[in-house]
Every structure is written in structure tokens, then in C-alpha cells.
Amino acid sequence: MISQLPIINLVALLLMAIMVPFIKKISFRATLWLGGILLIGVLVSSVFIFIHVANVGDIIYHFGDYESFLGIEFKVDPFASLFTLFVGTLAFIIYVYSSGDKTEGIESPEFSRYYVLYFLMLFAMFGILYSNDLFNTYVFIEIISLTSCAIISIKRKKEPYPAAFRYVLLNEIGSLSFLFGIAMLYMISGHLNIDLLANTIQSGWTTLPINIIFAIVFMTVGLSLKAAIFPFHIWLPDAHASAPSTSSAILSAVVVKIYILVLIKLILKVFGVELFASLGMDTVLLIFGGAGMIMGSIFAMTQKDLKRMLGYSSVSQIGYIVVGLALMSDLGLRSAFFHIISHGLTKAALFLSVGIVIYLKKSRSVKGFEGLGFQIPIAMTVFGIAAFSMIGIPLTSGFIAKWNLGIAVESASQYIFLGVIVISSLLNAMYYLPILFAAFLKDNPEHQEKVSIEKIPAAMLLPIVVLGLSILLIGIYPNLLMQLIDLVIARL
Amino acid sequence: MNILERIVENINYLGGAALFLIGLHTVVTHTNLIKKIIGINIMGTGVFLFFIAIGNIEGGTPPIWLEGMENPIFVNPVPSALILTGIVVSVSVTVYLLSLVIRIFQTYGTIDQKELAEIMEQEVPHD
Amino acid sequence: MTFTSPTSKPKQHLIITPSSARTTTLVFIALLFLLVFVGAVENWFGIIDKLNANTQLQASLWSFAHADVLLMIVLFLPVVGGFAQLAFGMRAVKWRDRMVMGATFINLALSLLIYPNAIDGGIHLEFPQALGLGLSFTLDMLGYTMVLITNIVWLFVMIFTHVYMGAEKRSTRFYFFMAITYTTVLGAVMAGDLFTMYLFFEIMTVASYLLVVHYQQEDSNRAATTYIFMGLVGGFLILIAMMLLYFEVGDLQFESALGALNQLGAVRYWIIGLLIFGFGVKAGMVPVHIWLPKAHPVAPTPASALLSGIIIKVGAYGILRVATSYYFPNSNIEPDAVWLTIENVGFLVIWAGIITMSVGVFMALQQSHIKRMLAYHSVSQMGYIITGVGIAMYLGDHGAVGYAGAVYHIVNHALFKSLLFLVAGVVYHHTHESDMYKLGGLWKKLPVTTFVALIAALGISGIPLFNGFISKSILHHGIVEAVHEGSWIFTLAEWIFIAVSAGTVASFIKLMYYVFFKKTTETYAQIGFEWDGMNAAMIALAGLIAVIGLAPNFIMNRFLLPQIRSMNFDPHFVEEVLSQLNYFQGSDLLTMLMVVALGTGIFLVGKKFNLFHLHLPRWLSVEYLIVFPWYMLMYRSCKLIDRKRHPLDPDTEKMISTDQSNPTGFLERFQITVNRFNDRYEKPFIQNDALIYVGLIVIILIFAIIRLI
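Residue numbers (this note's numbering), protein chains in the order written: chain A, 12 to 503; chain B, 3 to 129; chain C, 6 to 714.
Worth flagging that the hints you see were computed from the coordinates, not collected in a lab.
For every residue, glycine included, the Cβ atom is placed at its ideal position computed from N, Cα and C.
There is no bait here: all hints are sound.
Computed list of lysine-lysine pairs in PhoX-like fashion (alpha-carbon distance at most 20 Å, straight line): (1) LYS613/C / LYS523/C; (2) LYS443/C / LYS524/C; (3) LYS116/B / LYS169/A; (4) LYS174/C / LYS453/A; (5) LYS523/C / LYS612/C; (6) LYS373/A / LYS168/A.
Sample of chain A residues lacking proximity to chain B, with all beta carbon distances greater than 12 Å (derived): (7) ILE48; (8) VAL55; (9) LYS280.
Just chain A, with the same shape it has in the complex (with noise of 0.2 Å):
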């Protein structure tokens, strides 16, 4: 029964996003409780395949029974039963907060598509991150590029148009460039199962290393095009800022992750970490993510619009994973690991936090602070929290996240990144701080004497509060998580 778990969360979540418009015609309240019961039901059962495959084995699916060479197999294994269970999570937690905030920017009508679209991604993700498969990777890949896409452009406004546009066209370049390089090694070997590929990866390098080198970077470059590595950011602010709050939150949060998720599948699984490290392709990205901790903060610096400088921030702290990862090394990974984590949840927090000040305010700019704290007290808590976390002020889970990247970088001996790390949390200190000091530390100037405490609603606040709290826990008990992501990497 349990190994057919990871099918029926799939399809359950595939069956919501077709219901979505049916049931909606019944009732929009009875929509959105089941979509809520059918996220409880695929965490619970995420939880139950998580302590199946880490204690009995992985569990291998092939659909419609063909082998593996032909058809197309879903291998759950630590991985990707770890990081499925933190996409639910997340997706659940934002998805609480996007039923209660109703006004950002979407019309009524568009409610039920909205959600049609989150279970799709949602579809999709859990599909790539179960995938043995290369060209059903590239499938969910293009899944989630229009979703997310289409996720931005729901609002009714201008701005979101170009910016969805500009992602859609990059999205599918870097689509493109990865179905590229999936022919490139299907010429060689012949299978798209990752395991038969990797097995034959090494003949394959002997006879035609040319075709292997265009696949290693073609597949790494689009991937990096979509997971926003730094000088492929450019439509990450753009797409992030003109969303509405809830999918900037899932989109920065999760969907980026994603992509940096199936790059290390192939790096591990696919291509061996020797082969990829013999073309220097480390380097690269370990000049890519270094650029891209100092210059993602250094832009974010300057912008006014708050949802834009997280955006930017999203770029810096992905620079951070992709340092841990190519350390190429299992410490360099553990804190890649535990940095998609915990960055995860701390800008799910932000993302989430400024919705509420918009909800409040209807405006996003940065300036405008003033007494906020005062005002919405609980967001503003979380968000000094998650932005303390990002700074990596200790009992936070980014302080142990930068510890981990921090020891990893030292014992390969990068120890041109301790700086490069500590530059980057002084400049995140310097936009997020004074944002901070703006909310507690000065008066409204439209309201002197009273300021009042505003009325939010609850399904906004759980969420942020449930956010904050988990950074805190994850700060104060790393062992928790680092315990799992051990497993998983030993089980890689």
C-alpha cells in the first residue's frame, strides 16, 4: 500500500487542480476546504513514504509495468522524499495564507484558477522531485514554467504582463537548452532512466566526451537560467515583485529551489561528481554563486520597491546554495541542503509578511515603515525574525545555515568566501535593518498619538506566525534537520 503512496499524492493533487472549476460552481468555501484536507492528507502521507523509504528502502514505481528503459519510473528515495515533504509543508502554510488574503490584486473570478494553477505546480513538483527520468523531468520542468508563469500574470494589472513575458521567454530558452542536452546524452547511451544513464555515462565519456561536455553545460546553464543563478537573474525581481504576495511567496520559496534540486540530481546521479569537477564546471559555479551572494545584495540595496529587494535577496541567498553545492563535497552539500530549507522558510516568511503590509498599506515601496510595528505587530515580528535570520543573527536558522556553508567552504580550503560570506550578511543587514528600525523605532507620522493595532485575518496571521516559530526552531535545534538531510545524503 505505501509504495503506491507517492502515486495516489500525485494524482490526488492532479484530480484537484481538474475539480478546482466543478466544485467551485457548488461553493467556493467547500472548494478551498478540500483543497486544505487534500494538502493535509498528501503532507501526512509525504510523512509516512518519508519514514518508509528511510527505514525499509526506496520505493520504485514503474508505470504500466514496462522496464525500466522503456517506460517511465518513479524512484522515491530519501531525497526526494525529504524535499517533497518541505515543498507540501511550505505549499500547505502558504496556502492557509492565500485563503485568507483575498484582495491582492486577483479578482473574484479568477480564485478558482488561481488554485487550478497552485495544484498543477504543486502536480508538477512533486513529479519532478519523484522522477527517474529525464525527459518526464523536462515535462514537469515546462509544468511548472507555465504554471508559475501564468501564476504572475493572473493579477489584472500592467506591470505583471512584460515581466511574465520576459520569465515565460527565458523559462522556455532554459527549457530548451535541457531538452538539449537530454538529446545529447540520449545519443550517447540511449536510455533516459537516470540510473541506466548512469551507468553508461562513463563509456560514453571515452568515446564521445564532445557530446557529454554539451550536455553538462547546456543542461547546467539552463537550469541555472531558471533557477535564477546570478547573472541569469535578471526576470527573477521583475516576476517576483508584480506577482500577487502568495505566489511570490511559493514561487521564491519552493519553485526556485526546484531547479537547483534536479541540477544536483544530475550532478550526483547522473553525471558523477568527478566527471562534472574535471570540467571545471565548479569553478563556474562556484564564481557564479560567490558573484551572486555580493551583487544580489548589492542590487537589492538600492531598490525601492520592497517586493523587488526580496527578490534580489532570493538571487544572494540562492548564491549561497549553489557555493554549498559546488563544494562538491558532502559538507559543501549538507549546507546547500539545509540552506534551501531554511531559506525556504525564511522568505516564505518575508514574502508573507510583506503581504500582510500590503494588505494594510496597498503599496509596496520601502519607505512608508513607520510605526508599522505598532500597527500589525505579529508580521512585523516575523518579519524581524526571517530578517534577522537572513542577516544570520544566532538562535536563527540562517546563522547555522551560514555556520554550515561557512565550515564546508573552509575545508576546501575557499577561504576567500568567509569573507565573501560575511560582506554579504553586512549588506543584507544593511537593507534589511533599517526597514526594521523604520517599523519599531519611529512614529507614524499620520498617526501621533494613537496607533492602534489593525485587524488581520487569522488565516493570514497563523501561517507567519507558524513560519517564525519554525525558524526559530530550526535555529535553536538544528540536529532536528540536519539528522534527515545526513540520511539523505548518505542514501544519495
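Position chains B and C relative to chain A; hints supplied.
Just chains B and C, lined up with the frame of chain A:
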């Protein structure tokens, strides 16, 4: 002559790669959004062609079993099947992009990227 | 700031309100506790022997005092109290203040009880798994000394605060962050490893930011921004050092790591250098002291008293702790060669301390704002402490004298500097004036304040019979020792040391003269003498200053020597030189006499020729020397990209111009500059969607193929 022979042998692959580059060139150099979409499609076609070329076997027949065949050489059917999916994806992306272009034209009144950028820069006041 | 000073009513002599009676009683009980503590430790009247006779009572007391959980109670009581007063504070101000004072008092009482436990070899507590690496707390005598002095100063400052902040706005927030700072200070000094220390240190930076920024005026925001960013820089430097140390040594417990460190090349110097600079930021070491004179004047008085009295000491404590643990050998290793690293570093640290003390005192002489002057004296006195730390490193196994001097001076400075800031606060509270040249003749109106200010000034100037003299003469011995055992060049350091002491004397003669004794036409009719908690707290601190000066051996024998004996200093040296140290010997007194004469001379000359108003040219200030090149660079680079399409608008130009009077801060300038570059280069770059992709894919392909070939 050797080089020429190799070119002729690999003409399918080279054609695919050439289409890819042509498409990319279109995307990069043209500012018209519709042309960019066309470029993307050309790129996609290039990759698809490349993929199908892998499956091709010299002198192979379509992989359909007929009565009385003896040791038939079939063309690899898997790439073609995959590319069918790819084409579907490509079509949906194109449709989505085109619909976005319509929206852009409705709201901004232009589909030229440079003009669009200028309009957007004017609309966002510098603080 | 609105003061509804209770003293504005017509003057009435010696009115004791119930509230001031209560606070006075509290001060009295606290002093009584301290007296009992001293009595018990010194075994007056055979009190301990009598206790030992009664075995049952003794056993139960013993086990109570040895409960490790006491340590955690002392650590977390303040923060629990902080949350409690946050909950109560909105409703009843009276109960909030009582709660704060009560919690601090209980903390002091409990920390006194820990003494037997600390002296019996220290307490060690571990919380494995927390924050990944595990936290650990160790309380040896060094840590205990810090804990005790923190608790004592904190209690008296809190009693002071109760009166002082009574009329201020937002005092609940102030108390709350005060409580958090309190816990973090205690945590930092109790830490058993660098990681725990860093944790508390970093939170302390953030929490004390809220204390500095309390008034939320333009100037306090600016100063507090400088404070937190410099604090963060310092914290990050420590973080790098900690990562290096953790990776190279594998453990962050405060114990000798020389075995692993000696395997490394230059990295071991990097680690200690980063640590010294990182902690040095908090300790106010030149050239990273610039936040200190900015933050002190704008903070509320209790905050500046604690900032100067306790918080900056944590920085010095950090340097002392890391240097004397990681870089000191285990006792079983042969000495001499293993000391080499720390001796080299110590040489530099001594000079850093000497420079710090001379810059501090020189700047202090120029100031007219009382609190800013005291802040520069904090820099200068931190120089003494850093010199002591440097001597402890430089002299290797004979470094005990520097160690003792540094810790002793930490204790003394905590007492007199917090008292001086409280005095400044009282003066401001009554007169609303901080410029010492505009004050005068206050001794008639504020006799108690004048009296305690005099004692504190005598203490800081190092006059015999007051506490500053003791620690300064130990440090002086240390420098002389350094001349004997090390390089002749420290003779120069000795001269500077004497000159700086003379400068301190001059500076405090100036303070006392201008504020309290100068003849003035101002009558201050509104000031009436009233006995309140502030007076009681200040008198208690002054009493401690005098008592330490009269009986210096108590702290030496009961606190410092046990710690030094447990470390790897040369036992011969410790027993024969340090424990036999006679503070009141002729040569020291003579030196002191010379210092006082010199100081008086400086004051008279300075007053006569108006040298105290002589301000250095702006370009010579340290801040300006460091920051100005950056301002210049930013301005120039902004001008450089000034093109037709991206003109530099005049407002922006004014903001970043390098004019002398331009108040724009470093951060703003940096942001403006980055903004300019962003506008100029990022926007067009963004327009080219796929160009980056094409370019980079080609470059990476070529790179990979070259690697292959």
C-alpha cells in the same frame, strides 16, 4: 572530401543545431515580441529535429510490424514518441506567450520591447 | 524628552518619601549582603568554623550552594523577569519597577551563593545539540568575578534607573531590553566555549542597540546605527575566526588548542587577530572605537553607565578569555617555544592598548560634553585593560601580573565609570545641561553628588587609597616587568602610561572644577536637595570604590589569585611576586605623586592658555581618517559616471559631497553610490534578455573544452 562526407552523414544533427542557433539569434536580436516567439519556436524545432535524428537508423522502416517481415530494421520509435509530447508542450507555451502579447498590446499599446521598456521606465517614477 | 522633575517644588530639606526609603533600604540590604559575603569568605569571627561545627546545616547549605542549577537561574532570571515586567508594566508602573529591582537583587544574592562552587574548581554545564554544536557554560573564578561585578553594578544602576526613568516615555521597553542585555552579558561571561560566547555576544549587540536608540531622536538614531553596524562587523569577524578555529581544532571549548594551532602556518595569527579585532570593536579599541563616543552621550544615563561599566568590558573579557585559553599551553608541555605565538601577538596588543589609552585621554581633554568626555575616558581606560591583556600574553608564563592587572582594572573601572555616568545623569537631570563649561557651583546644591563624584574621580585618577590606584600600579608593575623580560622599547610605553595617567588626572580636575566648584552667577534655584534612590545607589558605588582602595588584598587573594593559580602561569612567579605585591610601597606612591603633579600642571596650563578648546583639525580625527577616503572615492566615482543620460541631480550631489559640514552618514552615501551604479549599468544590462545566456554559454563551453584538452 572526408569533411564533406561527415557533414553529409550528420546533416540531420547539423540541421538541428543550425535551427537552434537561428532561433536563438532571432530571440536575441529582434525586439518585436512576436518575432521573439517565432524565434523560440524555431529553437524548439531545432531541438526536436535533433532528437528525432538520434532515433533514425539508416535504411530502417517505421516500427510497425507487418506480416511476412524478416529481420526488419526498425527506426527507434522512442524519440518520436517523446517529441510528440515536446511538441504539445511547445504549442502550449506558444499559445500562452501569444496571449500575453495580446495583453501587453492591450495595456501598453506596443509590442516592441524597446518601446515597452521606455514606457515602463516613464511609468515607474524615480521615487 | 519631558521631565516632570519631582524636585521642582519649593525646596524642603531632607524629605524622605516612602519610595526613597524603600530603595535606600534595598541598597542597604544589598551592601549588608556584600558585607556578610566578605565576612564569610574571610572567615571573620570564625563564622565558617562555627558553621562547619553544625554539620547538618552545613551540609544542606553546602549542597544548596553547589547546585549547578543556580547558575542557570542566575543566567535566566533577568530575562524571565523582563518578560514578567513586560506583562505587568502596562498596568502598574510601581510593580514593574519593584519586579525589576527585586529580580536583580535576587540575582545578586544567588550569585553570591555560587562563590564556594566557583572556587572549588568551577561549574561546567552542557546543553548538547543546542544550535548544532551544543552550548556549554563554565564558571571559573574569572567568569565569577565578571558575574559578580556585573550583578553589583547592575543592581545599583537599576535602583538609580527606577528614579531616573520614572518620568520617561517607553520605559517598559527600556527595562525589557535592559533585562535581555543583562542575561546576554551574564551568558557571555559564563560561556564555556567560544560558540556560546558568540551567541550571547551577538544578541547583546542587538539588545543594547535598543538601549542606545531609546530616545529615538535624530542624533541617537545616527549613533545607534553606527553602534549596531560596527557591532555586527565585530561579530562577523569573530564568526570567521570561530569557523577557522572550529575547522582547524575541531572543538571550541575554552582550553588549550596549541597542539593543533602550532601545526598551522599564518592561520593561527589570522585567528587571534580576527578575534582581537572582533572583540576589540566592543571593547572600544583604537581605531575601531568610533561608535563609543557617539553612542554614550545620546543613550539614557543608565544605559550609558552600563554600556561603559559592563558591556564594553565583555569585549575585553573576550580577548582575555580566548587569548589565555586557546593560545596558552597545557601545563605538561615544556614552556618557552610554545609561548612564541602568543608573545608575538601580545607585543602588538600592548601597543594597541597604549595607543588606545593615549588617544582616548587626548580626545577626552578636548571635550566639553560631560558624557562624551567620560566616553573618551572609557576608551582610555579600556586601553589600560587591553595593555594588561597584552602583558598577560606577551610575558608568557610570567604574564600573571598583566592578567591580574587587567581583571582588577575591569572591576575597578566598572565601579567608577558607571558611577561617573550616573553623576553626569544626575547633573543633567537637575540642570538639563551637559556642557561642563556652562555649569558650575553645583557643590552647594548637590552635595551628595559632588561627594561621590569626587570619590569616583579620585578612583579613576589612581590616587592612593582609592581603587584605581591598585589596578594601575599592578599594570605599571606589568609594564616594568615587560621592560625587564622583553624589549627595552617598553620603557617608552611606561612613559606614555605615566603621561596618560597625568592626563586623566588633569581631565578630572577639569571636570570637578567646571561642574561643581567653579564660581558662577547661576543660582539653580529650582534644585532642592532631596534624598532619593539615586543618591543611595551612588553612595553605595562610591563606598565600594573606597573600600577596594583601602583593602585591595581581598579581591586579589579571593578572586584573582585562585584563578591565576589554576592556570598555567609560572607558580614561582605567582607566589613570590604577585601574591606578595605591596601596593603602598614608596616608589609607586612617588610615581603617583609625580603623576598628580603633572596632571595638575596640565590642567593649569590648559586652563591658562585655553588649550582645552583647542580642537584638532577635523582631518586628524580617527573616524575621518578612516572614512574620508571612502567618502572621497564614492563622490569621485559618482561624478565619474555622470553622463548625459544619467545626470547627477544637485540634491544627490549635495548629499554625497565631501563638504565638512555634510551630515550624511556612511551608509546613506554608500547606498546612493550603489544606486548610481545600479541605474547606470544594471538597467541597460537587464534589457538584453537572452544575450547573457548566449554569451555565458559560449564562454562556459570554451572553458570546458579547454579544460578537456
